[in-house]
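Protein chains in written order, with this note's numbering: chain B, 1 to 301; chain Z, 1 to 301; chain C, 1 to 301; chain E, 1 to 301.
In case anyone wonders, no lab produced these hints; they're calculated from the structure. Warning: the hint list may mix true and false statements.
Treat identical chains as interchangeable: a pair holds within one or across any two.
[What the hints assert, rightly or not] Derived lysine-lysine pairs resembling BS3-like cross-links, with alpha carbons at most 30 Å apart: (1) LYS233 - LYS274; (2) LYS42 - LYS216; (3) LYS239 - LYS42; (4) LYS41 - LYS216; (5) LYS76 - LYS216; (6) LYS216 - LYS2; (7) LYS41 - LYS239; (8) LYS42 - LYS130; (9) LYS216 - LYS130.
The residues making up each chain are set out below.
There are 4 protein chains.
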Amino acid sequence: MKLGFIGLGHMGTAMAANLLADAHTLTVHNRTPAKAEPHVKKGAKRAETPSAAAGGEAIITMLADDAAVEAAVFGKNGILDALRPGAIHISMSTVSVALAARLAEAHAERGQLYVSAPVFGRPDAAAAGKLFIVAAGPTAAIATCQPLFDVLGQRTFVVSESAPNANVVKLSGNFLIASVIEALGEAFALIDKAGIDRAQYLDLLVSTLFGAPVYKTYGGLIAGERYQPAGFKAELGYKDMSLALDAAQELEVPMPLASLIAERFRTLIEAGGKDFDWSALGLLAKRDSGVATPLKPTNQD
Amino acid sequence: MKLGFIGLGHMGTAMAANLLADAHTLTVHNRTPAKAEPHVKKGAKRAETPSAAAGGEAIITMLADDAAVEAAVFGKNGILDALRPGAIHISMSTVSVALAARLAEAHAERGQLYVSAPVFGRPDAAAAGKLFIVAAGPTAAIATCQPLFDVLGQRTFVVSESAPNANVVKLSGNFLIASVIEALGEAFALIDKAGIDRAQYLDLLVSTLFGAPVYKTYGGLIAGERYQPAGFKAELGYKDMSLALDAAQELEVPMPLASLIAERFRTLIEAGGKDFDWSALGLLAKRDSGVATPLKPTNQD
Amino acid sequence: MKLGFIGLGHMGTAMAANLLADAHTLTVHNRTPAKAEPHVKKGAKRAETPSAAAGGEAIITMLADDAAVEAAVFGKNGILDALRPGAIHISMSTVSVALAARLAEAHAERGQLYVSAPVFGRPDAAAAGKLFIVAAGPTAAIATCQPLFDVLGQRTFVVSESAPNANVVKLSGNFLIASVIEALGEAFALIDKAGIDRAQYLDLLVSTLFGAPVYKTYGGLIAGERYQPAGFKAELGYKDMSLALDAAQELEVPMPLASLIAERFRTLIEAGGKDFDWSALGLLAKRDSGVATPLKPTNQD
Amino acid sequence: MKLGFIGLGHMGTAMAANLLADAHTLTVHNRTPAKAEPHVKKGAKRAETPSAAAGGEAIITMLADDAAVEAAVFGKNGILDALRPGAIHISMSTVSVALAARLAEAHAERGQLYVSAPVFGRPDAAAAGKLFIVAAGPTAAIATCQPLFDVLGQRTFVVSESAPNANVVKLSGNFLIASVIEALGEAFALIDKAGIDRAQYLDLLVSTLFGAPVYKTYGGLIAGERYQPAGFKAELGYKDMSLALDAAQELEVPMPLASLIAERFRTLIEAGGKDFDWSALGLLAKRDSGVATPLKPTNQD
C-alpha cells in the first residue's frame, strides 16, 4: 500500500520501520527532519510537509498531542487539503474524543475517510509488532486498514463504527492503568511502613488475583522504585487523565476516581516529577507517608 | 492433628470439611449450633463453647468480624483461658491489624502462640482447597501450621514474623480489589454512555493488559450487572476499607484513594446496596451517570 | 457616557436599568429581542446586532457563558470590528480566564481597551446597585469605568492590571462558595440523622464563627430545603467549577477540593438536579445518607 | 457552687480562673501537678487524683482527648466511683460521640448526671469568658450548669437532651472550619500563582460574602503564612476529622469532603507539619503547587 506516516518519535519510528519492512511504500514526515533520516536510508521517501505525505491511499498520524495533530491536519500544508477522496486518515496517537469527532467530520466533508486507531503498548511492543490496536470508524475503511494493523499489532479490537469511540476506549484504558498505579502506590507505602518486603509483596500479588501485565509492569517499577528513565512520562499521564475527564464531562459521567488521579498527577508534576515515569505516583505516595522526599520542586530548578 | 475450628459460615464450612477429610481430629463450634450438624455427621466433635474447642494443638477461627473474634477469644468461655501453653491460635478471617496485635500479645502472655493467616478466595476456592493463604507469626508456629495450610490452600505466603503484618497484607489486597472495582465501575459507566458494547469492552481489557482474575471476576460481574446474590457483600467491603484506613492511620500513611472508596461503599450502602455484591460500586457509578436508579433507599424499606 | 449593553438576562436587565436611570445613553442588544423592549420604553436605543451596540465609549457584556461572549465579540457583526480605538469592552459575566486573555489580546491588537469586571451578587443585589465588582485591566481604562461601577455596585475591588486576573478571583470566589455549600450539605446530613434541629443548628453557626452572608444565604436554603426556584443553577455551578479547574490546570495548581466539588455537581446534575439551585448539593448529601430520594434521573424524564 | 475541675491546659487554666473569680469553690486536678499551683495560690484546693476532685455538685473535664477523659473517669481513682448521685459531670473538651454516649450511660447507671458541653473558641476567648458553649444533656442538669456556662462563655446553645449530640455539633463545626481552611488554602495557592496580592484578596473576601470570624482568622493566618506557633495544632485537626468521620460512620452518612480533609491533614502531618497550626493546610496547598517546600519530613528529624 502507498502510505504516508507523520510522527517519528519512539513509537512512530518503530511502527514506520515495521511497515517499511512489510514492503509498503512509505512517505514519512516529521517536524524535526533529522528523525526521518534512518527511514529514508531504508527506502522511505521524505516529505517536507504533512500534505506532501498525504498523496497515497492512507496516512497514519502518530503525534504527541491534540495540538500536533491539529497542526498536521488543519494547519498550513496540512493533510486535509491534500488527501484524495476515498483515502484514509488513520489517527493512532492518543488524542481527545472531541478532536477525533472533529477529524471524522472534517474528513467526511471532503469525501475522505477517518479511522481512530489508538494503541496499547510501549515502544518495545511497537518494535516487535505486538501492539494492541483499538479501532473505530467506517467498516470498509477499517477493513482496508486491517493488513496494516496486522503488521503493527498482535490484535485489533474493532469497537465501533463511530471513530471517536476508539478514543473513549483508549482513554478509559489509560484511566484503568493509572488507577492501578495509584492503588499500588498507596498499598506499597502502607506495607513499607509495616516493614513488609516489597518484592515478596509484589510476588504475592501477581501470583494470586493480580497476575496481569499491568500489575507486573507497574508493580515492578514501584517495588523497584525505577521511575527514570520514563517509559511513559507523568505529564503524559496527566494529559490523558485530563482527556478522560473531558470525555466524562461531555458524556455526563461522574468519575470521582479519575478526578482524584488527575489531582495526584498534578501534584506529582508540581513536586518535580514531570519527566518521571507515570508510575511515580508510587513515589508520591511514599513521599506523602513521610518516608522520603526524593522529588525536587520544579519551580526552583 | 487435634484441632478446634470456630466459625462455620460459607468459608468456614468448606475449610472445616477439607480438614476433616484430611484425617484431622476436629472439634467444631458455631454460635448457631445447627451449622455444626453436618460436620458432626462426618465425624467432628461438637463444642458448646469456644473454650471447649480449644483443647487441641491448634484452633482456627474463621469469624465474621472483630467483635465475633473478640467474643470467642476474650469472652466468657473464650479460647484464651482454655488454650494450652504452646498451642496455636490461627486467626484466618479478615480482622483489624489492631486486633491481631492484641491477640498476639494476649496469647504470648499465656505462653500460647498466635498466627494470623487470612485468605484470598471465595467459598468455591475454599471448597476446592485452592485458597491463597497469607501467614505471619513465629516461624516455628507457622511451620507447625503448614500442613493445615496445604490442605486449605493452593499456596501460602509467609510475609513476616510479626503476625499483624499478615492482616496488613490482606487488607491492602482487599483495597487493591476494591480500587479495581471502582475503576471498572467508572469505566463501564463511561463506555456505556458512549454506546460501546460492555462484553466486547471487557474482552478487550482481559485480552490485553488486564488479564488477571481480579478483572475477569469483577469485570464479568459489572459487565453482566450480576450484583445479587452477593459473593462478598458491600457492607463487608465497607468494613474492610474501614479496617484498611485504620491501619493507614496507625501506620501514618495517607491513602486518598482508599478514603474515596470507603465513601463510595458508604454511599452504596445508604442507597440500599448493603446486601449487594461489593462489585455493585459499578451500579453506583451507573446510577450516578443518570442512566438508571435500580437501588432502593435502605431507610425507606 | 454613551454606552452599549449586551445581555439582558436577570442580571443584565437590572444592571442596564440602573445605568439608564443614571442618565447614561444606552444602546441595548439581546439575542432574544423582546427582552430589550422594557429598556427601549425607558429611553434606551435598540441594536439589532452586537456591533450596532458598540459605537460608544464603552460596551458592557453580561452574557451566559464563554460561547455567548465569543459570538458577540468574534462572531458576525461582532463587537470587535465595530468598537472604536480607545473604547472599552467591559466584560462583567463569569467567563473563563482563557477567554479573558484572548479578549484582552484581541482588543489590544485593535487599539481597543479591555476590562474584566465580573461581579458577586444575585439579581436582587444587581437591582439595588449593591453588587461587588472585581475589576482588572489597564489602570486608565478602569478609572474611566469607575463611575459606571459606582452605579452598579456597592464596592469595586481592583485586583490587577492584567484583566484575566479578575476572572481568576471571581472563579476562586465561586469555588469558595461551592465549598461552603458542600460542607454545609454534609454537616446538615449528619446532624439530621442525629436528630438535631436544622434551624437551631444554623442559628448556632451564624451566631458564632460563621456569621457571614455566604452561611446565612446557603445555610438558609439548605436548612429550609428551598432548592427551587434556583437563584443560581446547579449547572452554572458545575460550569464555574470546571472553569476554576481549567484555571488551576493552566496555573499548575492542584485543587483536590475543587475537583471533588466538580464531581458532586456532575452527580447532582445526572440525578436530575440541573435546574435546582446550586445549594442542592445539600440535597445530594441528604440523598446519599439514605434519608430521601427526591431527585429524578434526568435521562428518564 | 462546689466544683471540681480536671485539665489545666491552655483552655482549662483560663476557664478555671474565671470560675474561681466568680466565687465558686474549686478543687483542681491536673496530671502534671505543677499546673495546679497558680490556681491553688488564688484559693483553689488541690486534688491528687480525679476522684478527689469529684466531691462537689459538679465536676468539669477539659482534657486533651478521649484517652485522657477515659483515664480520668473510668481509671483508677476515677471520677465515676467518687461522684455523688445527682452530681453532674460536665465534659467540655472535644471528645468522640461514642465516648460521650458511653459516659452518659455509665453516669446514669450510678444515678449521676452527664452533660456534654464542648466549646468553640481559642484560649484568648476562654480567658475573656467569651466562649461559645454547645450543651446537651438532661434539661434539669443543664439548667444547673447554666450559671457556670454564663461565666465561661458569651452564649450557650442547648441542642438536645441527648448529651452526645453536643459532640456531633462540635465535631461538625470543626469540620466546617477545616473545610474553610482547605478551600482557602487552595484558593490562595491559585491566586498566588496568578500574581494577585494575598492581603488584597483576603480583604475582598471578608468585605463581601465571607465576612465571618472563620474567614478573618484563618484567612489572616494563611495570607500571612503564620503557621507557628499553633493556636490549634494540625494533629488535633486530624484527630477531630477522624472523630467526625467516626460519627459519620456510626450515623451512616457519607462525607466525602470530610474524608478528603482528613487525608490532607494526614499528609500535612507526615510532611512535618504536626505542630503547625491547622491552617497550615494552606502551606500544603502551596507546597503542592510547586512554589515552596518549607516543610520537613517528620521521620528524618
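Results of checking the hints against the structure:
1. In the homo-oligomer, the alpha carbons of LYS233 and LYS274 lie at most 30 Å apart inside one protomer (7 Å), although the nearest pairing across protomers, at 33 Å, exceeds that limit.
2. Taking identical chains as interchangeable, the C-alpha atoms of LYS42 and LYS216 are never at most 30 Å apart, the minima being 36 Å within one chain and 44 Å between chains.
3. Proximity of LYS239 and LYS42 under a CA criterion of 30 Å is satisfied in neither setting, with 34 Å inside one chain copy and 52 Å between copies.
4. For the homomeric pair LYS41 and LYS216, neither the shortest alpha-carbon distance inside one copy (37 Å) nor that between copies (46 Å) is at most 30 Å.
5. Proximity of LYS76 to LYS216 under the C-alpha cut-off of 30 Å is found in neither arrangement, the shortest distances being 44 Å within a copy and 48 Å between copies.
6. Taking the shortest alpha-carbon separations for LYS216 and LYS2, neither the intra-copy value of 39 Å nor the inter-copy value of 41 Å comes in at or below 30 Å.
7. In this assembly of identical chains, LYS41 and LYS239 lie within 30 Å of each other by CA distance neither inside one copy nor across copies; the values are 34 Å within and 52 Å between.
8. When the C-alpha separation of LYS42 and LYS130 is checked against a cutoff of 30 Å, the pair qualifies only within one copy, where the shortest distance is 22 Å, while the shortest distance between copies is 54 Å.
9. In this assembly of identical chains, the alpha carbons of LYS216 and LYS130 lie at most 30 Å apart whether taken from the same copy (17 Å) or from different copies (22 Å).
Against the hints set out earlier in the document, violations occur for numbers 2, 3, 4, 5, 6, 7.
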